[in-house]
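Novice: Taken in sequence, the protein lines are chains A and B. Note that the first sequence ends on residue 93 in the working numbering; no numbers are left out. Note that the second sequence ends on residue 412 in the working numbering; no numbers are left out.
Note that these hints are calculated values from the structure, not bench results. Where a beta carbon is used, it is the ideal one built from N, C-alpha and C, also for glycine. Any given hint could turn out to be false.
Just some of the chain A residues that point at chain B, by a computed CB distance under 7 Å [claimed, not checked]: (1) A25; (2) P26; (3) D27; (4) L51.
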Amino acid sequence: METGLKDKIEQQVRQIVLDIIAIVAPDADLSNVKPDVGLRDQLDMDSMDFLDIVMELRKRYKVEVPKEEYPQLATLKSCVEYLAPKLQAAAAV
Amino acid sequence: MANLERIVITGVGLTSPIGDSLADLRKNLLHGVSGVSTFETRFMGEVLAGICSFDELKYQSRKERRRGTRAGAISVYCANEALHDARIDVSAFDRSRIGTYIGITEHGTVETENEIDAIRQYDYDTKFWSHHHNPRTVANNPAGEVTVNIGLRGPHYTIGAACAAGNAGLIQGVQMLRLGEVDLAICGGVSEAIRSFGIFASFAAQNALAKHDDPTKASRPFDMARNGIVVSEGGCLYTLERLSDAVRRDARIVAEIVGYAMNSDAADPVLPEPERMAECMTLAIERAGIGTGDVDIISTHATATETGDIQEADAIKRVFGDETKAKVNNTKSFIGHAMGAAGALELAGNLGSFDDGVVHATINITDPDPRCAVRNLVMNEPERVDKVNYILNNSFGMLGTNSTVVVRRFTG
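Pulled out of the complex, with its shape left as it was, chain B reads as follows:
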C-alpha cells in the first residue's frame, strides 16, 4: 500500500483484573498471576469473573460517576492514564483534532437491567424511571464521557465489533489519522460486561460459562479441561499519532502499528470459521509488508470454549504452516475475557516483549488438547527469546467478525 503514513503508539492507559497500569499488567503476566475471582450477580448468584479495582475517582468527580456508567468510568480512567503516559497536555493541543474511538461488545444492558430492577419496587410504574437512562445507554456513552471529562472537541463514537472491538477501536484510530481527520486518536476498547447478569446467563445457556472450584484455574484456553468463558471487565486505550507528529513533539514511542485487517466469516452467528480467520491474519501480515516467518508472537483470541480454540488453532496452522519462529500465547488465561477491551488489553500485555525479549505464557495448561495444538504454544511459564520484532494480535467475535493487528518494535 503506497504512501500510508506511519502510525505509532505513544501512550497506554489500562485497567484489568491484574493491574491498572501497563507495568503492573506486564509484571503479573510474567509472574503467572490470575485475576479471576468469584463474583455475586443478580439472579445468577455467585459466578466467576475478572474484576477491576482502579480508582474511579482519580479522574472523575462523585457526581460524574453517579451520572455516568461503569464503562464510562473505565474509559475516562484509561483515556486520562494514556494521555499522562504519552505526556500529552490537551490544553496545548487543538482539541478539535483529537478523536476518541472506543470498541465495545455491548452497551446499555447494565443500565437497563439496573433500572428495571429499580422500578420493580414501585410496581413497574415508569414515572420512577431515570432521566439518566438515555444518556447512559446511548452506545457512544463510553467515548462521550471521555470527551466531556477531558474537554475533547473532535469526533467520538464507539465501535461495536463483539469480541473484536478492542482491535477495531485501534484500527479506527489508525484510519482516522491516515485520513487526516484528527491529529491524535485515543482508541482501544472497554467493557463493563460483568455488571449485567444477562451475559452470564446467556453463556451459561450455551454451556459456555467456565466453572472451577479454584477461580484462578477456571480460564483454560487450549487445555483439555477447559469448559468455557470467564467474563471480565476492563479497558485499554492508546494514544496513537502519525509518526511525523510524534517525532515533532519528541514523543516517547511505544511501538508502531504496521498492519491490520478485518473481515467477516459470513457463516454462523456463533461458531467461528477458520478459513476466514486465516484470510484475516494473512491480509494483516501482507499489509504489514512482512511474511509469516517474521512474526515473533501470535497473541491468540482463544476464549476457552471447546470449538473456538480448535477453530483458531486450525486458522493459525493454515496461515503459519511450517514456520517455526512464532511463539503463541494467550492473555485470557490470566484475566478472562474482557469483551470489548480484550483485543486492546491482550496487545498491551505483549508490548513489553519488545523491551525485555520475554514472551508471556498461557497459564492453566495441565493437559494440552491435541485438537487445538499449535506449534510453540508458551505454556505456564514465560519464555525468553532472542528478540521480539513483530506481534500479531487476534480477536474474533460473534456473528463472525474477525480482526488482526500487527505491531512492530519501533527502531526509527
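Chain A with its partners taken away, still in its complex shape:
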C-alpha cells in the first residue's frame, strides 16, 4: 500500500479510537495522548473501561475483539495497528 494512503487510514483509525476513548474516559485530556505509552496509566483506565472500548467497537463498527487479543489495545499505537485491518474488513462487508 502506498504510504500516503496508509497514513490516511491510520489517521482515521486513530481518530476512531480517540472518539471512543472520549466517551469511555470523559474527564481525560486527550490532546496529548502519547502513542507508545499504556493507555491504562496515561488516562487512568481500568479493565471495565477496556470492555467499554470493546463494546463500542462492536456496536459502532461490528468489530469483535476476542479476549486473548485485549493486550493489542494497550497503547494508542497498538490499537491503530490492530484495528486498522479489522475496521477495513468490517467496512467491506
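Please arrange chain B on chain A, whose structure you already have, making use of the hints.
Specialist: This is chain B only, laid out in the frame that chain A set:
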C-alpha cells in the same frame, strides 16, 4: 432502656424536588412551594413526578457518573453534603470506623429497564448487554458508590424497607453506633424511582397514580379530591454520631434521635393495618421516654391514596386520643413520594422547627376528607407554635412495614 448511648445528628445532606440543601428545602416548605412537574417516561408518556436538579458533577467525575447509577449519584451528593455540613474531614477520621447505611425502596429496576431497551435495537442479542449491569444493579450500589467516591472503609449496605426505608436507614445508623461497630454513620434514604417506567405503570394499574391538570396540586394527602401518589426521586443522608464523640470534636449538633420503632402489619401486601401502625408509634414514643402529650409535630407518611390516609389517621387517633398538643403535617403534598428517601427527607423538612418554632403545612387541602380527619392538621399555611421539642416521623411501606422515629431538640 438502660445505658443506651445518646445519638445525635451532626450533619444533613439532601436533594429534593424543592431544594438541594436543608436551608432551601425548609424555605420552600414554609413558602408552600410544590416541586411536582410533568415528566416524560418510556411507554407511559407524560406523568407527574418530583424531579431533583442537584449538580451531579459537584462530587463525581463524568466517568464515575457514567459507570454508576442515578441512585448512586444522589447518594454521593447527599453523603458529601452531609459530611461538609457536619464539618467532618474524613482524612482525619479512621475510615474503617465510618459506616454507610442507606434505605431504598427498590434498586436495579432503572438499570434493567434501560439495558433491555438498549439491546432491543440489536434484536435482544445479549452480547450487547453491558458489563456495568451487575455493579449497577446489586442492591448495595447506592451505598457502595458513596464508599468508593469518598474512600470509606467501614461497612456499607442498603436496607430495603419499601417506603419506610428512609427511617430504616436512620435506625440502622443509630443501632450500629450504639453497638460500637462504627464511630460515624452516614445514613438515611435515597430514590431514583422516577427513572423507571414500571413503578408508574404499577401504581396506575392499582388506580393509585395521581393525576391533575396542575402538577403542583396533584399531591393532596387528606383532601377529598386526592387520587393517588406522585412518584419522586430524592435523597437525604445524615451524619450520626454518639453524643460523647460529637462533643469531643466540638460538633454542631442538629438534633437528637431519642426513640424509634419498626414492626410489621402481618396483614396485607398493600393495605396498611392501623392497629400495628399505632403499636409502632406507641413503642417509639415509649423508647423516647416521653408521653403522647410531649409530641409537638407528627410528620405523617400519608401518600394521598384513598385508603392509606384513612388508615394512618385512624392509627394516629388510636395513639394520641384526646391529646391536643401535637400538630400534624405532611411533606409529600409538596414533593410527592420520594420512596426510599421519603422518611429521611420528611424528617429533615421538619428539623427547622426546633429553631424557628414554625410547623410547616400540608398543602393542597381545599376540602379535608372527614374520613381521615386528624386533630391539628396544619393546612395550607404554616403555623407558629410556642416551642417545638419533639418531632415524631412516620413512614409506612408495602408488605406492612412500619417505622417511627422520634427526634428531640438538642439542649445539652
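Novice: Each hint should be assessed against the structure and marked as holding or not.
Specialist: We went through each hint and held it up to the structure:
Among the interface hints, the one on A25(A) holds; its C-beta lies about 6 Å from the nearest C-beta in chain B, closer than the 7 Å criterion. Nearest Cβ of chain B to the Cβ of P26(A): about 4 Å, under the 7 Å cut. The hint holds. Contact between D27(A) and chain B, as hinted, is supported at the beta carbon level, the nearest pair being about 5 Å apart and thus within 7 Å. Below 7 Å, beta-carbon pairs count as interface contacts, and L51(A) has one with chain B at about 5 Å; its hint therefore holds.
In the structure shown, no violation is registered for any of the earlier numbered hints.
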